[in-house]
Amino acid sequence: MAYFIFSLSLLLIYLGLALALHVQFGMLGVANFGVVGFWGLGMYAMAVFQVQLDLSFVDAFVLVTVLSLAISWLIGWLVLRLDPQATLCATIAFAAIVALLIVTEKWMTMGVVGIGTIRYPLRIGDGTEYLYFAVLVALVVGLQMLVLRLHKSPTGRLLQAIRDNEELCASLGKDTIRVKMFWFVGASVAMCLLGALSAPLNQFLTPNMIVPSVTFAVWIALVLGGKEHALGATVGVFVTFGVFDILIETYAPVSPELAVVVPNLKLFLYGLLLMAVLVYRPTGFLAPTTPPEEVWSRIKSGAITSFAAAQSGVKTLQATVNPKPKSSQDDKPDTTPSEPGDDKT
Amino acid sequence: MIEGEQFLSFIIDAIFIGVLQASPLILAAMGFTLIYYLNGFINFGYGEGITYGAYFASLLNLTFGFSFYVSILPAALMTGGLSVLTYLYVFRPAIQRGVKPSELIILSVGLSFVLRYGLILVVGAENVFLDEPPIAFFTFAGTGATSLQFIALILVFTFAFNLYWVIYHTGFGEKVRGLADNPDLAQVSGINPHRVSIYVWFIAGSAAGLAGIFQGVFALVNPLMGWNLILITVMVSIIGGVGSVRGALFAAVVAGILTAAITLITKPLYAEVALLAAFIVILWRRGPKVV
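Order-wise, the sequence lines are chains A and B.
For the first sequence, the positions run 1 to 345 when the numbering used here is used.
For the second sequence, the positions run 346 to 636 when the numbering used here is used.
Just chain B, same shape as in the assembly (with noise of 0.2 Å):
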């Protein structure tokens, strides 16, 4: 019986440690997902935005000495008005110049470049770490977890269920639904693409904010924290299904519970390397459909 209690508690540690590291994953899963539901292509220059909510949390936390708790919204809200400006200033002309999904890619690899090595060249590529709040430790069936997990953790879940709730019970989100489904007829309906895009843009971007915030807290912050984690990102939102919040909540809750068992088991990087090989697989099982 040791060997059925000691695979329990492994289970156990895994889902927990999983859920407790996901919420980075799940935020930045979450707002991906809508800007690829509503404009169709894949935009590598999210993971900036990653990258960019940690640094405005640390320019807020280190150089103008807030709490972190209180650096937290507003470095969120500040991602989401960059979030904005990259839809404004670099995506809205080029889809209106007609550049193709399969080359707006290229373009937000592209953006991706400006803003991380303008990011270096501006902060330099030194790691920076934010200044933590006093954390309590709580143990809990075994394992233990700290308060900045917690809160992690309910705040990912409260913004989970409001985004949720936002798309699937609200006007905005029929609108939002209408306009990445069929654009003409959402249009001839009234709905204004540009402004419900912007909102989007917006939300996407704070999401990211605060995927990069915890993310950084959690570690450190650096400048290529964003790119290392925009792979995953795409990953677990493609197979969520695109559009999705709560299969990109789902996702990425298992991808987290997944990385934490092989890492019981083996080394991190093998965790890595298990995901994104069954990513392949899989997209491979779907097939040419979709993605």
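In isolation and in its complexed conformation, chain A is listed as follows (with noise of 0.2 Å):
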């Protein structure tokens, strides 16, 4: 149980990353693509203000949230003024210079040795995990809310307008710039904040936990979840991290060979059904328009097919690791989302 709740409580912060990837990219049109960077900054300096300067859970994360904004600014600051490429290329070296860092700054961050332990906030004994958890809820319930308002807000259309059209939007008279800077700097801040709030989860840290696979299944969760849409990162999240991470590897019965095959079975189809998805239905499960009423039909079907392709896609690998003569071997995984209903308006 405690592990189902630290798997829940994983997915709440990957939904976070989605909505603040979504706000960037989704609403902003600037492609971070150096997620795991804002994340592992958040985390590990959590975890080294707690640790080493003994700091407590208030203080470390007044100096994280300054000590992000710092850093988010600058990033902001160098890439986004570049073309959408470049923009993606600066973040992605961004990453991978947090990464490096934590690994050389031995002094700071103990190294590949890792770090720990961060303790919870709020001990309240065994309910510890639960509270947190709750405190979780509500600030990711909150994060999709203030989405789901700028989506109706003029700030939220000046923004899908600058992502279509930066030059007509300054031509207008918005200080473009200005918005692009607050809402990056913005939804950077959250990102670090949220790995600031999962390094008590993780409790030990380690280097290997900054990669980029981490960037990419947000980045994969949004785009199939439907990248313009104000549910689609949530929705995406669900689909992927909670059918593939919690479904599966809590409940599938899978033999402990098999078991160590699973989290490379998972991002084969996470990359099988990233390209199904740009290539057949670039919008994702729920395009821009997609009223609200609708968007609870398609989940249920979406998350269905899409649990039965995992479902399938491990019957396949269970099948070739234990041949049985009768075993089809053609029998791949169908990753193609279903399209219930037409959404062109």
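To be clear, the hints were calculated from the coordinates, so they are not data collected in a lab.
Incorrect hints may appear among the rest.
[Claimed, not checked] One side of the interface only, derived from the structure: several residues of chain A facing chain B at Cβ under 7 Å:
no.: 1; residue: Gln85
no.: 2; residue: Tyr120
no.: 3; residue: Ala161
no.: 4; residue: Leu267
no.: 5; residue: Met275
no.: 6; residue: Leu278
no.: 7; residue: Ala287
no.: 8; residue: Pro288
We treat Cβ as the ideally placed atom computed from N, Cα and C, and that holds for glycine.
Since each chain sits alone in its own frame, please combine them into the complex, following the hints.
Written out as structure tokens, the structure reads:
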């Protein structure tokens, strides 16, 4: 049960990251491929402040906020004027720098040995994890409400307009670079703070947590769910992380020798799913215009499809590992998400 | 004067080691820049070409027992074939369906996941060591190099020279440059974009394969080696100027020398940090214009 709560808490962290990325990429059009850099920075800063400097959770959190504000601002200033492909490369380079410095600066981060233990704030005995989980739920629901509100507000429309045609917005007298700066830095700080909040969840941090797969997991969730829809990030995270990491890894009856393969199979299927979505349904599950009342029915059918895909993937694998005479080799998982209804208005 | 002499020998060491170790990067960057030039997007799947090149070489070298030198060419050509397949079955349909360049990058990341983790599912994630040929060691002006490094370097420069000649002095090169600069005009003047693309993806894939083979024989072969090299390959190609074979060569050599110099002073990881930071600053200095 404790592990289940841990997985659910991690899902919430990913949800928060995907929502922040939705603001940056879905609304503002800034391709931030350095998600793990911001997240890892916040997480390690929290650990260093608490373990090396022996600060309390609140003090450390305030310091992380200040630090992440400064660094996000610096990165925003460096990358926001660039062409989209250059922005993408620069942010990916930033994430690589963070990961490398965590390894080299042993005096601060303990290097590859790892740093810990980071204890939960609000300790109330046995229920601590549940309380922390409740706090995370409240925060992430708050973030989702903020995104929903942003979509309905003039600011949200301004962000989308900048994404679609920045020159036009600038010519209409909007200070586009300032708006971009504000929302990019805001979302990046949110990523750092989500990192800070995941430090007590993981308790012990090692540099191999700061890997590009984190960035891509968030990206895949967002693209799959629908990058421009207010609920796309949430749907995507539940369909990818929820199905693969929680349902399959917790409940699927896999033998121990197969369990080693599952994470690799997961990333393989993520890649396949991402390719299929980009080619056959570039808007993702939820197109920007999907009306709210249709969202739920689509989530239901979509979640079922991708769960079935994942299950059949595991079955194929089982068949190849323990071949039975009758197993069909061509039973490839169908990873194309279903398209119930026509969303073309 | 001792100071000066030490400094001079440090510079010579850095240049020597840098050039010798840069050969995989030079090859990878030259191939990468061609695809970027022709199709206009950053292909992260290219990194998997490096990995697959090394694994094809290990298949021929370890499984079938060919000598290392014999396996170089077939392994490179097989990687070229794989590269053409990814173009024909992934990128070309996507481009025809109107997927935008920024989404093609994400698509290439998806492809690289499929290739990398597919490989892990098939062969496992363990390190593989190629069966090296007997190595002779030469000393030269106080520093040394192995015969393998010299052969790599000679091959790299032969490849680079030929590629340069093909791109700038042949009809085929003219077609490539025409298609990259103005696809519509090139098609109207009777250039078959499909065929030219297939050749370019083949050449680029073979370059990635060669890069992987040398990277693998200098160090070791594992499924993440391509991913570890792709970021610096992208950096070098962008700094060298997209589509410029000469620029990619020059930037890769400079990056190799800088890495060697910083590694001689401090830890190798700081060299990477310095290169990445320099890359961000260079992009920022260039401003919104390009890549």
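Going down the list of hints, with the structure as the test:
no. : hint   : verdict
1   : Gln85  : 5 Å, holds
2   : Tyr120 : 33 Å, violated
3   : Ala161 : 18 Å, violated
4   : Leu267 : 5 Å, holds
5   : Met275 : 4 Å, holds
6   : Leu278 : 5 Å, holds
7   : Ala287 : 15 Å, violated
8   : Pro288 : 15 Å, violated
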